[in-house]
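Novice: Using the hints, position chain P against chain H.
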Amino acid sequence: MDVFAESTPQAPARLDRRRLLLSWFALPSSALAALLVGAVMLAALGADPLTAYHALLSGAFGSSYALGSTAVKAVPLLLVGVGICIAFRANVFNIGGEGQIAMGGLAGTATALALPGLPSPVLIPLVLIAGAAGGAVWGAIPGAFKAYFNANEILSTIMLNLVAVQLMNYLLAGPMVDRSATGSVGGLIPQTRLLSKSSWLPILVPGTQLHLGVLVSVLVAIGAYVLLWRTSFGFRVRAVGLSRDAATYAGMPVRRTITLAMALSGAMCGLAGSMLVFGSISHRMVTDGSLNGFTGSAGFNGIVVALFGGLNPLWTILSAFVFAGLLVGGAAMQVVTNVPSDLIVALNGLVVVFVVSLEYVRRRARAAEAAERHQTTPGLIMPEPAVDGAAEEEPA
Amino acid sequence: MSQFFTSAILTATVASGIQLAAPFLLAALGETMGQRSGVINLGVDGIMLLGAFGAYYTALRTQSLLLAVIVGIGVGALLGLVTAVVSVTLKAEQGISGIGVYLFALGFSDLLFLKLVGTPLPINQLPAVKIPLLDRIPTVGGMFFENSVLVYLAFLLVPIVTVVLNRTTFGLNIKACGENPAAADSVGVSVSRIRYSTVILGSSLAGLAGATLLIETGIFQENLTQSAGFIAVALVYFGAWRPAGVMLGALLYGLTESVILTWKGLGIIPLSVSDLAATAPAVITVLALLTMARRFRQPAALGRPYERGA
Numbered sequence: 229m230d231v232f233a234e235s236t237p238q239a240p241a242r243l244d245r246r247r248l249l250l251s252w253f254a255l256p257s258s259a260l261a262a263l264l265v266g267a268v269m270l271a272a273l274g275a276d277p278l279t280a281y282h283a284l285l286s287g288a289f290g291s292s293y294a295l296g297s298t299a300v301k302a303v304p305l306l307l308v309g310v311g312i313c314i315a316f317r318a319n320v321f322n323i324g325g326e327g328q329i330a331m332g333g334l335a336g337t338a339t340a341l342a343l344p345g346l347p348s349p350v351l352i353p354l355v356l357i358a359g360a361a362g363g364a365v366w367g368a369i370p371g372a373f374k375a376y377f378n379a380n381e382i383l384s385t386i387m388l389n390l391v392a393v394q395l396m397n398y399l400l401a402g403p404m405v406d407r408s409a410t411g412s413v414g415g416l417i418p419q420t421r422l423l424s425k426s427s428w429l430p431i432l433v434p435g436t437q438l439h440l441g442v443l444v445s446v447l448v449a450i451g452a453y454v455l456l457w458r459t460s461f462g463f464r465v466r467a468v469g470l471s472r473d474a475a476t477y478a479g480m481p482v483r484r485t486i487t488l489a490m491a492l493s494g495a496m497c498g499l500a501g502s503m504l505v506f507g508s509i510s511h512r513m514v515t516d517g518s519l520n521g522f523t524g525s526a527g528f529n530g531i532v533v534a535l536f537g538g539l540n541p542l543w544t545i546l547s548a549f550v551f552a553g554l555l556v557g558g559a560a561m562q563v564v565t566n567v568p569s570d571l572i573v574a575l576n577g578l579v580v581v582f583v584v585s586l587e588y589v590r591r592r593a594r595a596a597e598a599a600e601r602h603q604t605t606p607g608l609i610m611p612e613p614a615v616d617g618a619a620e621e622e623p624a
Numbered sequence: 089m090s091q092f093f094t095s096a097i098l099t100a101t102v103a104s105g106i107q108l109a110a111p112f113l114l115a116a117l118g119e120t121m122g123q124r125s126g127v128i129n130l131g132v133d134g135i136m137l138l139g140a141f142g143a144y145y146t147a148l149r150t151q152s153l154l155l156a157v158i159v160g161i162g163v164g165a166l167l168g169l170v171t172a173v174v175s176v177t178l179k180a181e182q183g184i185s186g187i188g189v190y191l192f193a194l195g196f197s198d199l200l201f202l203k204l205v206g207t208p209l210p211i212n213q214l215p216a217v218k219i220p221l222l223d224r225i226p227t228v229g230g231m232f233f234e235n236s237v238l239v240y241l242a243f244l245l246v247p248i249v250t251v252v253l254n255r256t257t258f259g260l261n262i263k264a265c266g267e268n269p270a271a272a273d274s275v276g277v278s279v280s281r282i283r284y285s286t287v288i289l290g291s292s293l294a295g296l297a298g299a300t301l302l303i304e305t306g307i308f309q310e311n312l313t314q315s316a317g318f319i320a321v322a323l324v325y326f327g328a329w330r331p332a333g334v335m336l337g338a339l340l341y342g343l344t345e346s347v348i349l350t351w352k353g354l355g356i357i358p359l360s361v362s363d364l365a366a367t368a369p370a371v372i373t374v375l376a377l378l379t380m381a382r383r384f385r386q387p388a389a390l391g392r393p394y395e396r397g398a
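Taken in order, these protein sequences are the chains called H and P.
Mind the numbering: the first sequence is residues 229 to 624 in my numbering, read in order.
Mind the numbering: the second sequence is residues 89 to 398 in my numbering, read in order.
You may find that some hints are simply not true.
Examples of chain H residues toward chain P, derived with CB under 8 Å [stated by the list, open to error]:
{"#": "1", "residue": "PRO256"}
{"#": "2", "residue": "SER257"}
{"#": "3", "residue": "SER384"}
{"#": "4", "residue": "LEU443"}
{"#": "5", "residue": "PHE528"}
{"#": "6", "residue": "GLY577"}
Pair by pair, the computed Cβ-Cβ distance ranges are [claimed, not checked]:
{"#": "7", "chain 1": "H", "residue 1": "TYR376", "chain 2": "P", "residue 2": "LEU336", "range": "18 to 28 Å"}
{"#": "8", "chain 1": "P", "residue 1": "GLY397", "chain 2": "H", "residue 2": "ASN378", "range": "22 to 32 Å"}
{"#": "9", "chain 1": "H", "residue 1": "LEU354", "chain 2": "P", "residue 2": "SER280", "range": "47 to 57 Å"}
{"#": "10", "chain 1": "H", "residue 1": "LEU343", "chain 2": "P", "residue 2": "THR150", "range": "54 to 64 Å"}
{"#": "11", "chain 1": "P", "residue 1": "SER280", "chain 2": "H", "residue 2": "PRO403", "range": "48 to 58 Å"}
These are computed hints drawn from the structure, not numbers from a lab.
From the three backbone atoms N, C-alpha and C, an ideal C-beta is built for every residue, glycine too.
The following block holds chain H by itself, in its conformation from the complex (with noise of 0.2 Å):
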């Protein structure tokens, strides 16, 4: 599109500002919209909107321990949603985030169980590795009934989750419980035991809780980035995604391409399942029964941090960064206010209706846009292909 608008000097220069403000200042726009609603239900619940975001951003970037804090919870939102950019580049709906984080933290905790007695150097590089391949089984199983059977991956993803929360549980209360401690009321508390010194992922900032994670996070999305525009693969996966019959007809392997994506994209969220264990203050896997409880419902703020990110890893690495700090943020609002902190969980998914709501709305100034350069440079028509409008915000 951007070579389109070179040639095309003559273009009027106010159809280029409506198109920034629709690309630009869709998903900002879409964020603001969202605080403002916060801010009527803040005022609704007694609460004076401005103490409350100040308290927020002040919690979420305000201090060298408030960013490290911030840093650390967009680690799995970063991973996760570098897993859903791969997964929706090739058109395939990763809902799945949540059982696939799970099943990462459940591998990598069974590594460092298993192996207590390697040096870190050795056992972190496996346990990260375990984490990624179990969170890779539980995607490319959707993905491949998707490519091979056409079972809707939606549905798919939503039952492995259930299949995944009852594994967790069966497994953090069965056969990897810790014999040693017993509960208040008896029973023995479902999780592991303290998880070897070696495996604990290092401090990289003393102070705070600034883990190597983060690094290794931040690396991983640049990985994907090169992966999926510089590489015949990210090729593959994109020209899946925009067109399966297309990508047929050029005779790529579709069916083993959506499965590998799906693999990648599970092997993402896995990688943040063993981040969440590995990186925690208790150092072991913990249960509450839910999945949500251990995930922080990563695996859905992921598609928030991906969609905002504009499906694209890089954008998603602020993207992330910007959303872990509403949800370290919202947990000092709470203290300073007594609003609970579950309204920024009610105002992320208010921006998810946004942006996409918004999309329709550029997609249509788009093609209006197009209509009338089709009138005035005849010749220079070309079709609109039929993304979502994300697609064309990478990077130059």
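Specialist: Same frame as chain H, now just chain P:
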């Protein structure tokens, strides 16, 4: 194991299975109507949550379960209207917008619960209504004919939705919009009006499902539904978009849940293994999905916003 097969326990297990199936069934029937008209509503779980909270708050304040149910339905209808605006008028990607609605409702219901309800108290139970004569049938009577009004309503809706879909103009229009909206449009059927009505109706049923779940549970808590709404969406696929099939799926979930509860109560299986047994319906659903996808076709325009001339 033998004690499980005494008729009293068997009757109680089946009866509670039917009761547990009702919320799944209500939500899934609503989703069926929406999907038949071409709209996927993934926000069902969220709508159930807010519907349940609305019903809970009303019941706490007014002590009236009837009002509670009405408020549950109303909350559902309101969220249905929002869903319809987003997915029909603004033509948003339905898979994602539904997740947005879900997240919003998940956070908002708990926010309201924590702020508006100081100490969570249990609400009144709905009395079981015995169907005269039928409830006297040994064993079977106790299984099927001693339930609450809401449970009967859920199962009564199965034939009703079937007839509406297959025997009325409205139903035929719904299916036309789901299969070929352009054709429906060309003969003067308003695609958006049909889709608005199915989404709002379906969401009202989701709100009712939330209220039903709440009344069965007796008290509200954070994330009360535990993904029941997502299961309901899956049941629509499981039942191949037919109300009777959807009902079978809902019964499968309800019965599995109650069998596991009974087993746990009787100590037949260790607690940790019951988690493993609870995966059975999900595994069956995935396997069913694999065979269904080959045998039955989803509505051709499912998940595709309609644009005239596109």
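Novice: It remains to establish, for every hint, whether it holds in the given structure.
Specialist: Verification of the supplied hints:
Look at H:PRO256: its Cβ only gets to about 17 Å from chain P, farther than 8 Å, so that hint breaks. With a cut of 8 Å, the hint placing H:SER257 at the interface with chain P is violated, because the nearest CB-to-CB distance is about 15 Å. A cut of 8 Å between beta carbons decides the hint on H:SER384: the least distance to chain P is about 5 Å, and the hint holds. With 8 Å as the threshold, the beta carbon of H:LEU443 stays out of range of chain P, its nearest partner Cβ sitting at about 29 Å, so the hint is violated.
Against a cut-off of 8 Å between C-beta atoms, the interface hint on H:PHE528 holds, since the closest Cβ of chain P lies about 6 Å away. Using the Cβ-Cβ criterion of 8 Å, the hint placing H:GLY577 at the interface with chain P is satisfied: the shortest such distance is roughly 3 Å. For the pair H:TYR376 and P:LEU336, the supplied restraint of 18 to 28 Å holds, since their beta-carbon distance comes to about 26 Å. The hinted window of 22 to 32 Å between P:GLY397 and H:ASN378 holds, with their beta carbons roughly 29 Å apart.
Judged by the Cβ atoms, the range 47 to 57 Å given for H:LEU354 and P:SER280 holds: they are separated by roughly 55 Å. With their beta carbons about 60 Å apart, H:LEU343 and P:THR150 fall inside the hinted range of 54 to 64 Å. A hinted range of 48 to 58 Å for the beta carbons of P:SER280 and H:PRO403 is consistent with their spacing of about 53 Å.
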